[in-house]
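**Q** Each chain, written out:
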Amino acid sequence: MAEVKSNKELFNVSVSPHIRSKESVSKIMWTVNICLAPAALFGAYYFGLNAILILVAGVVSAVFFEWAVQKIRKKPVTVKDGSAFLTGLLLAMCLPPTLPWWMTIVGSFIAIVIAKHAMGGLGSNIFNPAHIGRAALMVSWPVAMTTWSKMTTAADVVSSATPLNVLKMQGHEALIDTFGNASNMYQALFLGTRNGCIGETCTVLLVLGGLFLIYKKYINWQVPVVMIGTVGILTWIFGGLVDPAGSLGFFAGDPLFHIMAGGLIIGAFFMATDMVTIPMTIKGQIIFAAGAGVMTVMIRLLGGYPEGVCYSILLMNCLTPLIDRFCQPKKFGARG
Amino acid sequence: MMKSFRGGVHPNDSKSYTASKPIETAPLPDKAIIPVRQHIGAPCSPIVAKGDLVKKGQLIATTDAFVSGNVHASISGKVIDVGDYPHPVFGTCLAIVVENDGKDEWVEGIPLKRDWQDLDTDSINKIIREAGIVGMGGATFPTHVKMAVPKDKKAEAFILNAAECEPYLTADHRMMLEQSDRIVTGVKIAMKALGVTKGYVGIEDNKPDAIEAMKKAFSGTGVEVVGLPTKYPQGAEKMLIKVLTGKEVPSGGLPLEVGVVVANVGTAAAICDAVTQGLPLIQRVTTISGKAIKEPKNILVRVGTTFEDAINFCGGFASTPEKIISGGPMMGMAEPSIDLPIIKGVSGILAMAEGESNTGTESSCIRCGRCLNACPMGLNPSMFSILGERGHFEEAVQDFNLLDCVECGSCVYVCPAKRNIVQYVKYCKAQNAAKKAAGK
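As given, the protein sequences belong to chains A and B, one line each in that order.
Letter 142 of the first sequence, counting from 1, is numbered 142 in UniProt numbering, and no numbers are missing.
Letter 356 of the second sequence, counting from 1, is numbered 356 in UniProt numbering, and no numbers are missing.
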């Protein structure tokens with residue numbers, strides 16, 4: 001029998017409750033990493049060596065910068081919680097596979113040091129760090145950030161443009177021509193065998209990862225559904241109006257294409273659900289997701305860039321505190 | 001489909017340690033340490049002095065204040081000290097120490113036989129007040145105060161809170177199985193005093209045997225025994241009322257605002273004893289459990305028995321405990337030592353072994369929103385911890401309804417960052433109260 005404590009010995013007197021669930025921040029972060037991994041691995045396989053270098057550089061440098069900042073600030077080092085790993089991974093997955101790999105490190109510095117730790121560290125950052133990193137690279141090296149892999153398309157044409165780019169510059173007909181026919185195009189978009197950022201192309205693997213996060217209740221299904229739905233509906237209604245080959249009228253857009261092309265899937269499942277930078281209530285998150293969807297469509301159809309997911313989420317991040325203010329839960333027994 | 005309340009959590013109920021153990025009577029303590037304050041409200045003043053001889057059930061401390069609860073000797077013997085002693089809730093408190101003379105004699109006049117059917121509301125409430133009955137679920141709100149319906153309010157229903165939603169605790173469960181007569185009589189008396197005909201018994205459905213026993217015991221009385229979904233905090237007064245009657249007690253209001261009075265199982269049994277036999281509240285059934293207890297038990301124990309005596313009656317410690325909790329693991333209080341008296345509100349004593357109480361290491365809030373979904377009161381607990389950490393208690397009170405928090409701990413239970421939200425809430429409430437007091 002173990003020795004019984006005498007009355008003089010004192011026990012731990014922390015405040016209630018004295019039992020906790022097994023959920024933890026690192027469990028959440030590593031689960032998200034695992035859910036992203038298949039799409040990242042597909043990108044590494046599909047785009048080859050430089051993509052692998054970018055992915056490794058992104059993750060390693062992000063973890064290193066987190067470690068270094070916490071050492072310098074004399075804060076507890078939390079690199080094991082997986083959040084810096086996640087930022088690095090997400091950043092790398094949203095970069096073109098031809099980017100000089102060392103630029104990833106610059107992006108990761110901006111993501112971790114500026115967007116995350118200068119704002120107060122995990123939980124206090126207003127903007128999605130990975131997207132800030134990407135946006136910073138976009139304004140710093142616009143040419144490198146919009147130069148894509150050269151790949152032979154179905155029509156035996158060597159192309160170095162993303163599908164969204166082709167649509168923006170040449171129109172829907174030309175777009176389908178690059179894939180041979182429409183069903184080839186949708187298949188390529190679904191499986192990820194198309195040009196684009198390293199980790200954004202493989203729709204099927206991203207959706208599977210996202211569904212697992214929904215199943216684990218780490219993200220709310222409303223966010224991807226509303227954001228993707230908004231983009232789908234708006235591009236269907238207005239997409240045809242701005243075709244460079246001449247207006248096709250209302251309801252002539254290609255929603256399926258807009259949903260699967262570009263970074264919408266990874267954005268809707270993994271960026272617009274980043275709990276730190278989105279509203280806390282379901283109601284707020286739906287507003288956030290709808291707003292991000294509207295802005296994505298506006299940038300794609302009306303703006304100068306072919307793609308708008310990154311900026312739309314960053315813009316909605318600005319509004320998160322405001323949305324939170326107006327979407328507080330209704331308290332029990334509220335009078336009147 | 002049974003109605004439910006919003007939010008809540010599902011911790012492991014850990015009741016199997018004691019759920020099947022019949023109530024055992026603990027031996028009388030050599031000395032009983034009886035604090036003059038075992039309730040919410042004004043402390044009592046001792047009316048005995050060192051050296052006096054007292055008998056079991058004798059009034060030893062009282063007050064004229066309405067919101068208070070009389071204190072009686074729980075054993076017979078000699079008063080050997082009146083002074084400050086450790087107290088499970090208030091840290092230290094004036095207590096009357098009675099040395100056991102081994103006779104266990106009742107004070108003259110009790111037990112008596114009284115037919116409660118002949119009594120009117122005032123006399124029942126007077127008996128309850130004199131017997132020092134307080135809410136035995138843990139809150140220790142004086143029962144006669146609860147029963148006193150103001151002229152502008154009307155009671156419509158009585159609810160017996162038999163949810164026992166705190167993990168580990170099984171005292172109410174065992175009482176329902178073993179002492180249903182006392183409970184039924186207590187409920188009938190309370191309903192008569194309140195002048196209500198509608199009664200409910202709410203029991204979580206993880207106790208099917210208790211639901212059955214209560215259904216049998218209450219058959220023909222018009223009292224409805226309802227099995228409730230097992231979800232913490234089902235036994236929180238406002239949640240229980242919502243589920244049983246569909247009514248929401250207004251923010252800041254008492255259950256009487258929706259015409260309801262709620263009392264716990266142990267309280268109902270105490271009402272029965274006081275009214276039918278004239279017995280004051282000097283003992284209670286409590287659960288001694290946790291992995292660090294050798295033989296977890298439900299025990300009937302006299303007020304003033306120390307935690308140590310009760311634990312020794314359960315075989316002592318199986319391992320060195322990390323935490324001693326008075327009450328349940330969700331809302332109970334961690335105690336610094338076992339040198340403390342059991343008072344009327346101690347619904348359980350838990351000795352948590354190393355690792356059993358996993359409070360984790362606090363890190364930054366990641367705004368995941370789990371606490372908002374878990375909060376039964378519809379609040380935003382994350383903001384309490386963030387604002388509390390920075391000392392911004394006024395903003396927490398004004399903008400985030402801090403004062404509506406019932407400190408049930410559901411938010412902390414689900415928090416992946418292991419934020420000690422309840423601690424910040426208590427801190428903010430104390431700061432707010434201090435500021436209010438200073439302003440007057």
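It cannot be assumed that every hint is accurate.
[Said to hold, decoys possible] In silico EDC-like cross-links for lysine to aspartate or glutamate, where the CA-CA straight-line distance does not exceed 20 Å:
hint : chain 1 : residue 1 : chain 2 : residue 2
1    : A       : K330      : B       : E354
2    : A       : K22       : B       : E248
3    : A       : K27       : B       : E362
4    : B       : K78       : B       : E108
5    : A       : K75       : B       : E389
6    : A       : K283      : B       : D399
7    : B       : K153      : B       : D181
8    : A       : K22       : B       : D13
9    : A       : K331      : B       : D399
10   : A       : K330      : B       : E395
11   : B       : K113      : B       : D13
12   : B       : K418      : B       : D399
13   : A       : K74       : B       : E356
14   : B       : K436      : B       : E395
15   : A       : K22       : B       : E356
16   : A       : K80       : A       : E23
17   : B       : K216      : B       : D181
18   : A       : K330      : B       : E130
19   : B       : K15       : B       : E354
20   : A       : K331      : B       : E394
21   : A       : K75       : B       : E295
22   : A       : K331      : B       : E257
23   : A       : K331      : B       : D120
24   : A       : K331      : B       : D181
25   : B       : K154      : B       : D120
26   : B       : K21       : B       : E295
27   : A       : K331      : B       : D205
28   : A       : K80       : B       : D13
29   : B       : K418      : A       : E23
30   : B       : K3        : B       : E295
31   : A       : K22       : B       : E354
32   : B       : K198      : B       : E295
33   : A       : K330      : B       : D205
[What the hints assert, rightly or not] To be clear about the criterion: a stretch of chain B counts as covered by chain A if any three or more of its residues have a C-beta under 8 Å from a C-beta of chain A, and this derived list gives those stretches:
hint : stretch
34   : 73 to 85
35   : 100 to 113
36   : 216 to 227
37   : 334 to 340
38   : 431 to 437
FYI, nobody ran anything at the bench for these hints, they're computed from the structure.
Cβ atoms here follow ideal geometry from the backbone N, Cα and C, with glycine treated the same way.
**Q** Are the Cα positions of K418 (chain B) and E23 (chain A) separated by 20 Å at most?
**A** holds, 9 Å
**Q** Quickly compare the C-alpha distance for K331 (chain A) and D399 (chain B) to 20 Å and report which way the hint goes.
**A** Holds - the C-alpha atoms of D399 (chain B) and K331 (chain A) are around 12 Å apart, at most 20 Å.
**Q** For the pair supplied as a hint, K27 (chain A) and E362 (chain B), is the alpha-carbon distance within the 20 Å limit?
**A** Roughly 15 Å between the alpha carbons, so the hint for K27 (chain A) and E362 (chain B) holds.
**Q** K80 (chain A) and E23 (chain A): Cα distance at most 20 Å?
**A** Holds - the C-alpha atoms of E23 (chain A) and K80 (chain A) are around 15 Å apart, at most 20 Å.
**Q** Between K15 (chain B) and E354 (chain B), is the straight-line Cα distance small enough, at 20 Å or below?
**A** holds, 19 Å
**Q** Hint check: K331 (chain A) vs E257 (chain B), CA-CA at most 20 Å. Holds or violated?
**A** holds, 17 Å
**Q** For K75 (chain A) and E389 (chain B), compute the direct alpha-carbon distance and say whether it is at most 20 Å.
**A** Holds - the C-alpha atoms of E389 (chain B) and K75 (chain A) are around 17 Å apart, at most 20 Å.
**Q** If you draw a straight line from the CA of K78 (chain B) to the CA of E108 (chain B), is it 20 Å or shorter?
**A** holds, 16 Å
**Q** Closer than 8 Å Cβ to Cβ for three or more residues is the test here. Does the stretch 334 to 340 of chain B pass it with chain A?
**A** holds (count 6)
**Q** With the threshold set at 20 Å, check whether the alpha-carbon distance from K74 (chain A) to E356 (chain B) stays at or below it.
**A** violated, 32 Å
**Q** Are the Cα positions of K21 (chain B) and E295 (chain B) separated by 20 Å at most?
**A** holds, 10 Å
**Q** Given the hinted pair K331 (chain A) and D120 (chain B), is their Cα-Cα distance within 20 Å?
**A** Roughly 39 Å between the alpha carbons, so the hint for K331 (chain A) and D120 (chain B) is violated.
The structure does not agree with the numbered hints 1, 2, 7, 11, 12, 13, 18, 21, 23, 24, 27, 28, 30, 32, 33, 34, 35, 36 and 38 stated previously, though it agrees with the rest.
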